[in-house]
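S.K.: Chain by chain, the residues:
Number of protein chains: 2
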Amino acid sequence: MSLHPDIAPLVFLIGTWNGEGRGEYPTIADFTYGEEIKIAAPPNKPFLTYTQRTWRTGDHPEAGAPLHTETGYFRAAGPDRAEAVIAMPTGVVEVHAGKIGGTSVRLETTTVAATPTAKEVRSVERSLVVDGEELRYELWMAAVGQANQIHLTATLRRQGG
Amino acid sequence: MSLHPDIAPLVFLIGTWNGEGRGEYPTIADFTYGEEIKIAAPPNKPFLTYTQRTWRTGDHPEAGAPLHTETGYFRAAGPDRAEAVIAMPTGVVEVHAGKIGGTSVRLETTTVAATPTAKEVRSVERSLVVDGEELRYELWMAAVGQANQIHLTATLRRQGG
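Protein sequences, first through last, are from chains A and B. The first sequence begins at 1 in the working numbering and counts up one residue at a time. The second sequence begins at 1 in the working numbering and counts up one residue at a time.
A hint or two may mislead.
A pair holds if it fits inside one copy or across any two, identical chains being indistinguishable in the list.
[What the hints assert, rightly or not] Simulated pairs of lysine-lysine, DSBU-like, Cα-Cα distance not exceeding 30 angstroms:
hint : residue 1 : residue 2
1    : Lys-119   : Lys-45
2    : Lys-99    : Lys-119
3    : Lys-38    : Lys-119
4    : Lys-38    : Lys-99
5    : Lys-45    : Lys-99
Derived by calculation from the structure, the hints in this document are not laboratory data. Source: prediction; values computed, not measured.
Let the sequences and hints guide you as you build the complete structure.
M.R.: Written out as structure tokens, the structure is:
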């Protein structure tokens, strides 16, 4: 594989990651989910591709059924600055800028925009921390009239790792 | 396949489409490209997934090399209204709203947003017309200080069609 030099600061994110997460928000019941994240580096391109999908877990009657999915790209802007663009089938897009530190990245939305029928999302913060073969993330969100607060926490393991 | 009823107005877009396109803009030399568009309906979900990739064609020394790619989702908001969200590895996101008419859809950006290192894009219009086994699209763009004008035109055929 020919890794584009611009993407080197984010190479620790590359992999197929599987695991479980937990969701909470004032407007909904707590829930758990299974998740797969795929982050890949196309040869000689200055970005990473990002796709994600989740499914129901536990003793829910629809266990295994798809929940959320999203797709987008990560970019590095120098050794310690990250950017991301993410599109969601709910009609929301996120534009992120943030910091890379070691094998972690912390992103905040500079813009959240949505189609006419989408729910209101005002801001999203995402942190991703890679620790050996483990990826942990948190997602904080200000949406549907609520203050910025934790929405998702997950711990995934690198497939084949 | 269990098609979600909300997405029925856009079912004509579903397929894997292959063909060639032509690019032009005042700031660049005209170019041609090969393209594959995949539009799919996940079972029982009210959206279509959209991914696209292009590559160099003709007698260019790097013929076959990847050019652009983008990813996102289409949604219908009733029988004649469409929405789309698209993320690009250049750090740009597009949020579209528009009209469905027969087997065509005409979208205009309600928001274009970008990461700090991305080029300036002010607006994008996309039309997609399906005519039997053929999909034609145009993309108009106002970017990098230029007025809204044609940027891309392509004619694709449904794979297996």
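S.K.: Compare the structure with each hint and give your call.
M.R.: Going through the hints against the structure:
1. In the homo-oligomer, the alpha carbons of Lys-119 and Lys-45 lie at most 30 angstroms apart only across protomers (17 angstroms), although the nearest pairing inside one protomer, at 33 angstroms, exceeds that limit.
2. In the homo-oligomer, the alpha carbons of Lys-99 and Lys-119 lie at most 30 angstroms apart both inside one protomer (28 angstroms) and across protomers (21 angstroms), since each shortest distance falls under that limit.
3. Taking CA atoms no more than 30 angstroms apart as the test, Lys-38 paired with Lys-119 passes in both settings, with 26 angstroms inside one copy and 26 angstroms between copies.
4. Taking the shortest alpha-carbon separations for Lys-38 and Lys-99, only the intra-copy value of 21 angstroms comes in at or below 30 angstroms, while the best inter-copy value is 33 angstroms.
5. Taking the shortest Cα distances, Lys-45 and Lys-99 sit within 30 angstroms of each other inside one copy (21 angstroms), while across copies they are farther apart (34 angstroms).
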